[in-house]
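If you want the building blocks of each chain, they are given just below.
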Amino acid sequence: MTQEITADYCIAGAGPAGAVLATKLAATGKRVVLVDQGPHYSEADRSAKLRRGVDTLNDYADYNDDESSATVTPYSSAPAEGQVVDWMAWRQFGIGGTALHFEAIMGRPIADDLRMRALYGVGRDWPIRYSELEPWLLRAEQEVGVAGNDDNPYASPRSGPFPMQGHAFSYFDREIFGPAMQRLGITAHTCPRGIPTEPYRGRSECLACRACKFCPSGARYSPDRVHIPMLEGRDNVTVLPGVSVRRLETNAAGDRVTVAHALRVEDRSELVIRAQNFVVALGGVETPRLLLLSAGSGGHGGGLGNMGGQVGQHFSDHVHPYFTVDLGRHAGSRLGFETVATDHFRVNVNRREENTFWMLASPAMDWFPVGVEASTWATQNGTLSLAGVRESIPRMATVSGMVELGGNGVLELDPDKLDAFGSPVAKVRMTLTDWDRRAQARMGELAPQIAEAMGAANVSEISPPEGGLGYHPSGATAMAALPDAGVCDPDLKVFGLDNLHLVSNSVFPHMGANPPTLTIIALALRLAEHLEGRAS
Amino acid sequence: MSYELRRREFIQVLVSLPLGYAAAACAVERRTPGQTALGKLVLAVGPWPAEDGARADEFVGRFLAADHVVGLYLPESSSTILSLARRFADGAMAVGEVDLGPLPDGERELLVQLTQQIYSLVEVRFYVSSEPRWGECLGERTRYVQPPA
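Chains A and B, in that order, give the protein sequences.
Just so you know, we're using my numbering here: the first sequence kicks off at 5 and counts up by one.
Just so you know, we're using my numbering here: the second sequence kicks off at 185 and counts up by one.
I should point out that these hints are in silico values taken from the structure, not numbers from a laboratory.
Each residue gets a CB set at the ideal place from its N, CA and C atoms; glycine is no exception.
No false leads were slipped in.
Label pairs and their in silico Cβ distance ranges: (1) B:Ser314 <-> A:Ser80: 38 to 48 angstroms; (2) B:Arg325 <-> A:Gly300: 51 to 61 angstroms; (3) A:Glu357 <-> B:Val279: 46 to 56 angstroms; (4) B:Thr216 <-> A:Asn62: 17 to 27 angstroms.
Given these sequences and hints, build the entire structure.
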């Protein structure tokens, strides 16, 4: 039996964007329905997952481990233009989205990231300037509770302070990585984190549990722990986990979405959601996919908002190269995350010629499975020194980068692979150009210099050029001034549809070398104000 | 639900962790010869000294019970594991070094793979780095800024 729900706003996707937007709209008294295909994990679920990861020696234990393909939508990828570049997704399905397990690095874009085409002839320009986005970034920092210091000489201007002081620099960052950067003429600065250094709006300060994926203390920002509780108990809000939006239907004129057709994952029962406004906040892959799956309604033959053929185009991501060193001395203890980073290579490069990257480092004994390097370095003259392996691991550190790409991927529907409900999955063809590969080559050249500056003895080779894709899919439903350049307008309204908006990293015309979450939340706050203005 | 309530719920489940360890340890009696030999190798290659024997045995129990881990070795490499294990003295723990020269290719590759795998695990990396257990909330926030002891 089909259930019908009516609301003022239907929001598909309860990740950071959807959850933040829902709280702001709900506060106006409007009726909000927030749906997500994944479950709502309880604190007991979190704890049990951590425990089972320990029990089974599975360092990669994660939230979606036990979910079926009905909850965790598959995808496919294919090498593009003869390149072996296999794209893989590290997303999570559930109330909280991928932020369930993220590292809460709250880096900002720099001003030039929004004007890449105009300034450097690469990528696409945002239809808004940094000066317009910046106040929303500041609000997002307050919304999330970002700990940071205004000590980044490479950052674009900010209009206010961080909500709280950043984490004190770790021994490694203060005594080893920071000074090494200084020797190379690079400034290491605070890495802003959505992990409080003091109690913040009901959350604990960080308690140094060093298992941030599950965050036993509850300090790290996660939408299900911060924003969803704000919705509980409100009679104008319905939060529906385990509900998959399959298709958006428009009116006959094709200028308004009228219905979201959904299925309950558990029993495949149908759900029809009628609303005045619809917002798709399904992340970098499922947002364009839903627009493509909604083709055919109201004359939108190629998918909603696709009159310019832009849905799925310019798909982008970050590449994450890294290398490991043996410092020859103990790297020190940690909080479980890096306290400093450097934006040096986001600013001090010729962006016409090469892409930018962001860099940080950490004692390898925490994050990185360094058994291969430790064993290799401890094997000499046909003898494996197990004592040497044990002694070297506390001395090892890993330097990692987050590399900007030009956005030359394509996302489309894959007719040969269907999800659990019979719909084509998203297929990604990721192309890396010469420009995209420059930063990785630069990191490869820098590796021995950085190692020397840290006084390190051994350096591993930098990770493969195509490695580390899949954490930050973006760009496939970009905002633009006109439909021939994107899918939604600067207010995130889908071209040609009066009541359909998008918010996720899929609306980024270009993504610089910073993690996207803070910008996503900034755009959600900006969209909330826009929708409130329209409503009034 | 308040933050404190949610946190208590989290901790209540977490404190039952040793029960999982005990369940894994109970599997000792049902080990095959291949599992017994693999357990012996884990103790020899691993970092635990004899005085940490109980902790080491607990780890071996979980190692042998984890299909995704043990499946890399058993049952396909049973004979190689048995012959490699015979090269270590009974009860050997935290062996200092191994001469790879005399080892046949299969045994050498298996030993290196096992070493790489064990020392890639966060639990083992934390142990050799004298870090408190992964997931244990330390509370005090100055430890990580101090020079290593």
